[in-house]
Each structure stands twice: as structure tokens, then as C-alpha cells.
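Peer 1: Sequence:
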Amino acid sequence: MSPAFTWVTLTKTIQVFGKGGDTIDIPILFEDNHLLVVEKPVNVPVQEDESGDDDLLTILKRDIKIRYEKPGNVYLGLVHRLDRPVGGVMVFAKTSKAASRLSDQIRRNAMEKYYLTIIRGEMDAPRAKLENYLVKDRRKNEVYVVGKDNKHGKEAELEYEVKEEEAGMSLLEIDLHTGRPHQIRVQLAHLGTPIYGDQKYGQNVNHPGQQIALWSHRLVLTHPVKKEDMTFTSYPPDTYPWNIWPAYISE
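In terms of my numbering, the sequence shown has 84 at position 84, counting the first letter as 1, and numbering is strictly consecutive.
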């Protein structure tokens with residue numbers, strides 16, 4: 001018998017004040033005693049970095065502390081990451097047991113992660129698997145495709161499906177099998193089809209000020225305690241170039 005899936009929709013939006021006084025809206029897709037699933041805003045770092053800007057993990061901890069009037073430190077486990085310019089669905093663990101079980105799902109590739117992205121150009125095939133080896137230059141914070149014989153190379157694998165093509169661009173759905181840093185961005189740029197707005201890996205065709213068109217669209221996971229299979233979905237905003245294809249944007 002196939003597992004019963006729970007499809008989750010938006011439950012509420014929390015509004016927090018940033019360090020500069022600006023407000024940040026964070027939609028909550030699901031929350032119980034074990035999980036917190038949110039829609040990450042674009043250009044907000046997932047965790048504290050050298051910029052000193054508000055980060056999502058700290059914001060959410062602060063919100064939980066205030067909403068539930070919790071004394072002392074609040075636990076919230078970070079089990080996966082999104083690049084700062086990327087928005088979309090993320091799951092956090094509210095207990096150490098949940099964090100451990102979610103991390104185990106990721107290690108076993110049992111958590112399915114799907115992205116939407118818009119690339120410059122067209123793919124050679126309507127769907128395919130991309131397999132490369134990647135090396136990260138930590139000093140430059142850049143990732144490169146290397147040969148299989150490179151001892152520092154880490155295997156990176158994803159599958160893509162072309163959903164739409166128009167105006168010299170293509171909308172893809174990505175099924176991410178491994179979670180290497182900048183993986184989707186690097187593998188697509190390596191084919192000569194960089195992501196729209198990606199300043200790091202598509203600087204020859206993109207321009208400053210363009211928002212990268214990469215969105216964490218769907219997570220499929222098993223609840224760490226209830227053992228139910230759950231699907232969480234988030235759609236890109238109604239902005240260019242996403243709004244070229246209205247069926248794929250948030251209402």
C-alpha cells in the first residue's frame with residue numbers, strides 16, 4: 001500500500017522587524033511540536049554570516065520565544081540550507097530528536113527536494129540527469145566542476161525537466177539528489193545555461209540588480225515522530241521573469 005501524503009498549505013504569516021527597522025514577512029507553511037516549515041524570504045541568510053544581517057534561524061528562534069513565552073534559549077535545528085538569494089520552502093526541527101531523524105533522511109536521500117528555476121537558453125533534452133564532480137574554493141566562496149579523478153571532487157547529481165520555454169529562457173523543475181553548495185547553479189552554468197539573475201555563475205549574461213530565479217518549490221519528507229509522509233509546497237513571487245508563466249507563481 002502506498003503511504004498517505006499530507007499536503008500542506010499556508011497557515012499564517014509572521015511579521016518581524018529587522019535590525020534596520022524594516023519588516024520581514026515569513027509565511028509559516030506548517031508547525032507542530034516537532035517541525036517548523038516556512039517560506040524563506042529572498043536575500044535573507046539562513047544563519048548568521050559575516051554580513052551581520054538578520055538571519056532566518058535567529059528570527060525564527062526569537063519568534064518562537066515570544067509567541068510561546070519560552071524562558072531561556074529556544075532550540076531550533078537547522079537541517080538543510082538555501083543560498084542567501086534563494087527563496088522558498090525550508091524545514092526546521094523543533095527538537096533534537098526531530099533534527100537527528102530529519103538529518104538521517106537527508107543522508108539517505110529520503111527527503112525529496114524540488115526546485116523551480118529559469119535559465120538563459122534552452123536545454124538539449126526535455127529531461128535528463130546531470131552528474132558532475134564539484135570542488136569549492138572556500139576563500140572565494142565559489143564552486144567549480146572538476147574531473148572525476150580530482151581527489152577533492154564531490155559527486156553532484158540532479159535531474160531536470162523542462163516545463164516551459166519562451167523569450168530565450170526555459171523554466172525547469174529540478175529534482176536535487178545531492179545537496180552540494182551552489183550545486184544547481186554550477187551544474188547549469190557548466191552547460192552554458194546559467195540561471196537568470198545569477199551574478200556569480202552567469203555574470204556574462206546577467207546584470208547587477210537582477211534577482212536570481214531559483215526557488216525551493218517542494219519538500220517531501222517523513223514526519224520524524226508520526227511517520228507520515230508530508231509534502232510542503234511554495235511558489236515563486238509574481239515578479240519578472242517568474243510571471244512569464246503565471247501558472248507557476250504564487251497568487
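Since the hints were derived computationally from the structure, they do not count as laboratory data. Certain hints may be false.
[Stated by the list, open to error] Simulated restraints, written as ranges between beta carbons of each label pair:
no., residue 1, residue 2, range
1, Glu69, Glu122, 51 to 59 Å
2, Ser96, Glu164, 19 to 27 Å
3, Glu164, Asp32, 21 to 29 Å
4, Thr95, Ser250, 27 to 35 Å
5, Gln210, Asn150, 46 to 54 Å
6, Lys136, Tyr240, 28 to 36 Å
[Unchecked claim] With a straight-line Cα cutoff of 27 Å, these simulated DSS-like cross-link-like pairs (lysine-lysine) come out:
no., residue 1, residue 2
7, Lys154, Lys12
8, Lys61, Lys163
9, Lys140, Lys163
10, Lys148, Lys163
11, Lys65, Lys163
12, Lys129, Lys94
13, Lys136, Lys151
14, Lys148, Lys12
15, Lys151, Lys163
16, Lys140, Lys65
17, Lys226, Lys200
18, Lys129, Lys12
19, Lys226, Lys148
20, Lys227, Lys200
21, Lys70, Lys129
22, Lys154, Lys136
23, Lys70, Lys140
24, Lys227, Lys154
25, Lys12, Lys70
26, Lys200, Lys70
27, Lys151, Lys200
28, Lys129, Lys97
29, Lys129, Lys61
30, Lys97, Lys70
31, Lys129, Lys163
32, Lys97, Lys227
33, Lys200, Lys136
34, Lys200, Lys97
35, Lys61, Lys97
36, Lys94, Lys140
37, Lys226, Lys94
38, Lys200, Lys94
39, Lys151, Lys94
40, Lys140, Lys12
Positions of the beta carbon are idealized from the N, C-alpha and C atoms, including for glycine.
Peer 1: Output the indices of the hints that this structure fails to meet, ascending.
Peer 2: 2, 3, 5, 7, 8, 9, 10, 11, 12, 14, 15, 16, 17, 18, 19, 20, 21, 23, 24, 26, 28, 29, 34, 36, 38, 39, 40
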